[in-house]
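Guided by the hints, dock chain B onto chain A, whose structure is given.
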Amino acid sequence: MSEASPTAAIRAAPVPPGPLNQADFPSSPVVRFGADQALRLDSGRQIENLQIAYQTYGELNSARSNAILICHALTGDQHVASTNPVTGKPGWWDLMVGPGRPIDTDRYYVICSNVVGGCMGTTGPASTNPATDKPYGLDLPVVTVRDMVRAQAMLLDHLGIDTLFSVAGGSLGGMQVLQWAAAYPERVFSALPIASGARHSSQNIAFHEVGRQAVMADPEWRGGKYYLYGTSPRKGLAVARMAAHITYLSDSALHRKFGRNLQDRDRPTFGFDADFQIESYLRHQGATFVDRFDANSYLYVTRAMDYFDLAADHGGRLANAFLGSKTRLCVVSFTSDWLFPTSESKAVVRALNAAGASVSFVEIETDRGHDAFLLDEPELFDAVRGFLTSAGRARGLL
Amino acid sequence: MNAPLASFPASTRVDLLAVAELVAPGSRVLDVGCGDGQLLKLLEETRGVDGRGVEIGQKNVNECVARGLSVIQGDADTDLVDYPDDAFDYVILSQTLQATHRPREVLEQLLRIGRKAIVSFPNFGHWRMRRLLLFTGRMPVTRSLPYSWYDTPNIHFCTIRDFVELCREIGARIEKATALRADGSRLAFNAPMWAWNLLGQQAVFLLSR
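As given, the protein sequences belong to chains A and B, one line each in that order.
Under the numbering used here, the first sequence has 373 at position 373, and the numbering climbs by one with no breaks.
Under the numbering used here, the second sequence has 23 at position 23, and the numbering climbs by one with no breaks.
Rather than coming from a laboratory, the hints here were simulated on the basis of the structure.
Don't take each hint at face value.
[Claimed, not checked] Below, a list of computed lysine-lysine pairs in the BS3-like style, where the Cα atoms sit at most 27 Å apart:
#1 Lys-225/A to Lys-257/A
#2 Lys-176/B to Lys-41/B
#3 Lys-326/A to Lys-176/B
#4 Lys-225/A to Lys-134/A
#5 Lys-346/A to Lys-89/A
#6 Lys-59/B to Lys-41/B
#7 Lys-59/B to Lys-346/A
#8 Lys-176/B to Lys-346/A
[To be verified] Quick partial rundown of chain A residues pointing at chain B, CB under 10 Å, derived from the structure:
#9 Ala-319
#10 Glu-379
#11 Ala-383
#12 Ala-394
We treat Cβ as the ideally placed atom computed from N, Cα and C, and that holds for glycine.
This is chain A alone, in the form it adopts within the complex (with noise of 0.2 Å):
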């Protein structure tokens, strides 16, 4: 919760911060491949001179059997289990991977990388174009998620690894995961899809455009050229935050931790100051998220989650996406999260079933909702520990 007051940190900014000089030059390992190997795209359009920016844990083997890639999700980075370089902060799941962890980074060696159309290092509209010397802006064509796993299968080509031993992400992470299992089955021996979904719902699809409308309704964003005035839309950006963060909550945890109490105050001031916690609370998320989020990469990267529709891609039938995979599965929801409702798990579970793949389900009780993924849950943890394992005996890793 905020001690600072939340309306003075809405306020905007002159210069962009950190987000922004990490879309050049990130404080990660990249890799940028030539104007030969451009990444082709959905669109039909591509990116040329791409650049991702990745992070690395633990020691890949000589067998180069051991890997196992994280997807992150809609605000995450390639800074998994590392302090993260805009905010100090440890790593966004450093509670799952590091050594010991569930993912355990003396056994495996975990991979990183920022999505396409981040703000983080790998190409996002905060990057420079090479054909312009300018920020993309809009000028970078939307990618998709299939993008983003295209993206990351280049990168695997060039650090030499053929076969991931897995592959694991919550939320857009788990979407990237259904895709690896779906797009390149023979490349990933096991598969970690958590409170995620074969398709982005209409509800979602919604939410994410009212975040949209608050970014564009902002005047500062500028027709997305903002950069090139010293400015950003961080008032629209702490709003699409603001609404975007009470679909990761469930509204049971949400009255747990705030129920009707007013902040720092005795009763209502009859205003439209922050008088309730949970506003305060709300504020907050929105006024730091700013600092480390570029606006125009929120725009892409949520358009990225609506369009995706592993069904639709498969000729409307999900379990024609898993036809003859051999990769093992493990899905995973949470009981309180209506953003990725056990519902949307039960269905790639059913399309698994129905194509004879591996496949285990776990629900995990909590009320937690859809952030339980990134929190300290131990069923979780026991679950990803647990079919890891059994994954790493079956590949002869243990």
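Chain B only, in chain A's frame:
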């Protein structure tokens, strides 16, 4: 993986052994109501099967996944419809039939999903049950079925005779059957039905369409 059958651990439950013996090595198996995965593990280790499980209890599912089994959380009464026809060589319902809401529909689903179905269940016609009911006038509570009537998960008890009748009604063919006494010994296959129904504490049936 494909250890010889002789390697069944000595402590293995006799009813699980009776089920496992009916499964051909290397086959595809779905265990409906797989509990903590004991039978699936046994089948993988001694029969080299490609095994899957469905289990309603989340703690059990998590335990199974942690043991490396492919198990999904699901309900035998509602989730079997999701599986395609002939998806498995065997679909097993081990000590679960009596806990389903609609045993008849579940049994029909087993025979649709699997080429063969293996069903094991406690026999409510066993002489101990009959004696308890006759002399105490109350619902039997025994060591193997320790629940009171009001908190039991077992809502659809049947006798061996009842089960055979249900098989006839849905047109299931009984290929093999075993009845186990309380001490785990088996009744002769050619023993008369009344003897099975009276002396068998549990029964295991191999069915086909």
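So, going through the hints one by one against the coordinates:
1. Lys-225/A to Lys-257/A: With a Cα-Cα distance of about 39 Å, the restraint between Lys-225/A and Lys-257/A is violated, given a limit of 27 Å.
2. Lys-176/B to Lys-41/B: Measuring from Cα to Cα gives roughly 23 Å; hence the hint holds.
3. Lys-326/A to Lys-176/B: violated, 33 Å
4. Lys-225/A to Lys-134/A: holds, 10 Å
5. Lys-346/A to Lys-89/A: With a Cα-Cα distance of about 34 Å, the restraint between Lys-346/A and Lys-89/A is violated, given a limit of 27 Å.
6. Lys-59/B to Lys-41/B: With Cα atoms ~17 Å apart, Lys-59/B and Lys-41/B stay inside 27 Å; holds.
7. Lys-59/B to Lys-346/A: With Cα atoms ~18 Å apart, Lys-59/B and Lys-346/A stay inside 27 Å; holds.
8. Lys-176/B to Lys-346/A: violated, 35 Å
9. Ala-319: holds, 8 Å
10. Glu-379: holds, 6 Å
11. Ala-383: With a closest approach of 5 Å, the Ala-383/A hint holds.
12. Ala-394: Cβ of Ala-394/A sits 8 Å from chain B, so the hint holds.
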